Amino acid sequence: MSSDTRQISSDHDISVDSRNALLEISGVGFDYENAPILDSINVSVDRGEFVALVGPSGCGKSTLLNLISGVLSARSGQITADGNMLRADRLGNVSYMQQKDLLLSWRTVAENSRLGLELRGVSVRESNEQVRALADSFGLSDVLDSMPHELSGGMRQRVALLRAVLPDNAVLLLDEPFGALDAITRRSLQEWLLNVLDTSNKAVVLVTHDVEEAILLADRVLVMAPSPGRIVAEIEVNINKALDASALSMSQEFIELRGAILELLTRQEAVV
Amino acid sequence: MITSTSLRALIVNWLPAIVVTVLLIVMWEVLVDVLDVQRWLLPAPSVIIAEMFDSFGFLMGNTRITMFEILVGFSVSIMLAVSLASGIVWSRTIERTIYPLIIASQTIPIITLAPLLIIWVGTDMMSKVIVIVLFTFFPIVISLVSGLRSVDKEMVDMLRTLGASPWQTFTKLMIPSALPSFFAGLKVASVVSVIGAVIGEWFGSSSGLGWLMKIAGGQFQTARVFAAIVVLSILAMALFAAVVAVEKWSLRKYPPTANRVIRLGES
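Those sequence lines, one after another, are chains A and B.
Here this note's numbering is used: the first residue of the first sequence is 1, the next is one more, and so on.
Here this note's numbering is used: the first residue of the second sequence is 1001, the next is one more, and so on.
It should be emphasised that the hints constitute simulated quantities derived from the structure, not laboratory data.
A portion of the hints provided could be inaccurate.
DSS-like cross-link-like pairs, simulated, lysine-lysine; straight-line CA separation at most 27 Å [claimed, not checked]:
hint, chain 1, residue 1, chain 2, residue 2
1, B, K1153, B, K1214
2, A, K100, B, K1187
3, B, K1172, B, K1253
4, B, K1153, B, K1172
5, B, K1253, B, K1153
6, B, K1172, A, K100
7, B, K1248, B, K1172
8, B, K1253, A, K100
Footprint (simulated), chain A over chain B, 3 or more residues, beta carbon under 8 Å [stated by the list, open to error]:
hint, stretch
9, 1157-1164
10, 1168-1176
11, 1249-1256
One-sided and incomplete, this derived list gives chain A residues near chain B with beta-carbon spacing under 7 Å [what the hints assert, rightly or not]:
hint, residue
12, G92
13, W106
14, L194
Computed from a prediction, not measured in an experiment: that's the story for all the values here.
C-beta atoms are modelled at their ideal positions from N, C-alpha and C, and glycine is treated no differently.
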């Protein structure tokens, strides 16, 4: 192998090795001020897969998303997101919706939504077209010219999600996207998310402390434990998502699954 | 066009200040008259106003010169302060080298520096501009640096995940977020710039309101000194009002996250 083709062929090898996995996390550890926050995390998320991370607060769930997105750098291990192994390459190539909406108060809904496209150098006209194309399904077409402070919390979260998904990255990270909302709004947004978001081509990682939300949205639930943060269980969600959310949450399978996950979470509380 | 409601708001806003000012002036007039204070010691307001009319042309000619110095000095100061603050926020090395110098520059008693400046750069406008800059750049730099620094860390991370370069983060997030602090510093500097111009003129000039006050004071033309003070106050207030107008305009365009006016006395 000649030296000038080495980089290209090694990239090629990785995409072959990981086959369908869009997101590959292997042996990742992270320290904060010498205290271990995360220890040897291994996660692999395939194309079209929706994975939820549940765990008590302080177990490092959000830290893991910050590592995947490239906001933080890991102490050890390797993260590959859609072929990007370097932290600097993942920044801007992984969609990340944070817990807070983080909308810029001086920009309209449309201007906030197209921020990611704007930073990539997409023209205003082109990015506005992309915003308008999705605004309808996001329920935002009537408020595109409104300012963020005129919107309800639920609407603001929709804008934040639209901003995150518009750059159309293959890996999408959601950090408690509905955590700050009231129960009714949260439930309706969860149902809406299932319908509106085409995740068939994406690898999605959702962080939540709401077990029902995890079951409702994800194909696979990873249970985390704190100090140091680690994954202690992995549960496949094999229930029929065709039902609507309220019917689903009444079903026997749903209740059993929820019980199993809660059991896992409370058991580690007792250990701690 | 002033509508009746906006006129009412204007009156309500300014009435307290106007009433207090008028009361003070009346008290001054009465006291000078009753206590029979000498005109060269403390002229009555009526005498000062008469002096303003008598030497109107002379006053205005010198006002124009001082005003021009202020506008040039203030503009230079803003440009200097914006580049210094940006450099400080941008690079740790610049911060470590420049910040101590900026603070040291403020420990120099500028009044003692003014005569030296005359020796170094002469008695033309340059020396006044330098004094104004020395007086005004500090509040702008300090407030702008703290404004640029006060930006929400999570907002910065959000922009990074969208692929923002440091420059994009600076222009699209930090500058708009820093506007309220920037204008707070600018308001302080606008008033101080008038003082800077007078001090600059005091120490070596043949024109301007500072020079006029020095000459008139030496000749016991106290009414003329006060007339110049009145004009200087009007200049300072006009400059302040101009800054407030630009502030209002820019904050309408870039509203900060929390823009509620808090008054602890009116819960």
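### Task
Of all the hints given earlier, name the ones this structure violates by number, lowest first.
1, 2 and 14
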